[in-house]
Amino acid sequence: MTGKEERLRTNVAIIKTEHLSHLYSAGTPFEKAAIEDVSVEIEPGEFIGVIGHTGSGKSTLIQHFNGLLQPTSGKIYVDGKDIWDEKNKKNIRDVRFQVGLVFQYPEYQLFEETVYKDIAFGPGNMGLSKEEIHTRVMEAMDFVGLKGKYAEKSPFDLSGGQKRRVAIAGVIAMRPKVLILDEPTAGLDPKGRDKILGQIREYHQQTGSTVLLVSHSMEDIAKYAEKVLVMNHAKVFDYDTVERVFSKNEELTRMGLSVPQVSKVFHQLRAAGYPVSENVYTVDQAEADILRLLKAKGGAGRA
Amino acid sequence: MLRDITIGQYFPGKSVIHRMDPRMKLILSIAYIVMLFCVGNEAGFLIPVIFLIAAIWISKIPFIMVLKGVKPILPLIIFTAVLNIFFVTGEPLVKLGFITITVDGIIVALKMVIRIIFLIMGTSLLTYTTSPIALTDAIEQLLRPLNKIHFPVHEMAMMMTIALRFIPTLIEETDKIMSAQKARGADMESGGLMQRAKALVPILIPLFISAFRRAEELALAMECRCYRGGEGRTRMRQLHYSSLDWYGAAVMAVCFAGVILLNIFVPAFV
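Residue numbers (my numbering), protein chains in the order written: chain R, 2 to 304; chain H, 18 to 287.
Isolated chain R (complex conformation) (with noise of 0.2 Å):
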């Protein structure tokens, strides 16, 4: 493969939409846009957190990127395939189990009689066999840190956090090439927040799969997130890198959204005079800057 080929294949988007539009109740007194005129291109490879105040169709959007909508107008291309052509429509199921979507509260969705035979429920209608479902039931149980032991165990006797953790696996156990996850954390203590999110990463990291992760939180946003997607009014407002998005304060504060807190706290520093660095968005980052500034005092105290 030359290098330019090899250029052009990575360049491909695993999801491209192209003037999306999705209708509530068309054609009625009721109609209502959840979403209007969206094109967005999502890289394989990437984590993008996707934020917005609530109804303004970040649900109705994710919901359009494996297949369960189908739009008003407009595309969806899922890795260069139109999912809505006359041809592909046929294989809509396909499309679901190359984007794996996991809906808010998704323990409410557990239905077998055991962990096992429930994580087993995506790849069973894959029509896997049973060596290969037994491989990945095992392999997402690992990946959200289920130890064996409760593979023959029923859902129903395991506290809420494990039951979560029960529904995402069942997702991951389809081994899709774009894992999105309608806040996965709403619920939870901080514990039970962080450690999801850092299976959610490990499993980023590990199996260069793309995520999609929705959230309230723009803590976990900065945190876990390459890219951040805000959705207002129906509308992408902006798609951009973490730092370009959480620059515009203002703007965000606004449509009812706001940055993370360890920003507004810098933002409030550096108004104060002093010269701590702009782009900080984690307490990681708002560590390193105070330890540098320090450090540079201390040099200078010393010289």
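Among the hints, erroneous ones may be present.
As the list claims (entries may be wrong) - Only pairs whose alpha carbons sit at most 16 Å apart, straight line, appear in this in silico EDC-like list of lysine to aspartate or glutamate: (1) H:LYS193 with R:ASP183; (2) R:LYS118 with R:GLU132; (3) R:LYS154 with R:ASP183; (4) H:LYS193 with R:GLU108; (5) R:LYS91 with H:GLU206; (6) R:LYS118 with R:GLU153; (7) R:LYS17 with R:GLU44; (8) R:LYS224 with R:ASP285; (9) R:LYS228 with R:GLU42; (10) H:LYS215 with R:GLU114; (11) R:LYS90 with H:ASP204; (12) R:LYS91 with H:ASP204; (13) R:LYS17 with R:ASP38; (14) R:LYS150 with R:GLU114; (15) R:LYS90 with H:GLU206; (16) H:LYS215 with R:GLU132.
Honestly, the hints are just simulated from the structure, not real lab data. Source: prediction; values computed, not measured.
Following the hints, position chain H against chain R.
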């Protein structure tokens, strides 16, 4: 698609029919049904038909909406009609092997069809113009005498209210669970009868679990607000009969009298 279910749908409005006391509307609806079945000849049918069309016109509910209520029971109507046409004995009109169609059969079938259609339209008009809560209130008050024989009237009415309240919630929940299972590749659109029945398991189990959870939470919330049954409970919305209701009752009485007179003076058709 699940969002299109219109069970007990209510069209808010301010027409005379909307403003009538739900108890009177319920009584008049029952009287209307009895009247439909008392009709003994062609001329007699005119009275309930005109009555209903006038009521729909006064209520300002689109006529099409009232007709829509008939659609789901169309198979039942056809079934009854066919049964009557073939199995009523009388003067044969057509004879095809073992099948005989009689004039009497056709008339009986026609009568049955008109009755069922107008019965459904009448009751849909009731639910279109009365909110489900008002309707259960009316049922509770009308059945109150049954308390004397220890029939749990209030509890029954509360059950109906809660059930009606949760229909939209459960529909939404079903929609969500279906999407979640579809995202895991569940296939609900193809396969034979057995396969389709099996495909329902991943939807029904989470739905039942969530229904039980909601019931438990609701019971707890009711207890927290000291709910302990109907005894001594006062209501925020008191029902009162107004002159409107007595006019309605009078119109119904006149119609009923008309039907009975026509039955006596015009010969019956079958």
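Checked hints:
1. H:LYS193 with R:ASP183: holds (13 Å)
2. R:LYS118 with R:GLU132: Cα-Cα ~14 Å, so holds.
3. R:LYS154 with R:ASP183: violated (26 Å)
4. H:LYS193 with R:GLU108: holds (12 Å)
5. R:LYS91 with H:GLU206: Status holds; Cα separation ~11 Å.
6. R:LYS118 with R:GLU153: Given pair R:LYS118, R:GLU153 holds - Cα atoms ~8 Å apart, limit 16 Å.
7. R:LYS17 with R:GLU44: Status holds; Cα separation ~9 Å.
8. R:LYS224 with R:ASP285: Satisfied, since the Cα-Cα distance of roughly 9 Å is no more than 16 Å.
9. R:LYS228 with R:GLU42: holds (12 Å)
10. H:LYS215 with R:GLU114: holds (15 Å)
11. R:LYS90 with H:ASP204: holds (14 Å)
12. R:LYS91 with H:ASP204: holds (12 Å)
13. R:LYS17 with R:ASP38: OK: R:LYS17 and R:ASP38 at ~13 Å, within 16 Å.
14. R:LYS150 with R:GLU114: holds (15 Å)
15. R:LYS90 with H:GLU206: holds (14 Å)
16. H:LYS215 with R:GLU132: Violated, at roughly 23 Å.
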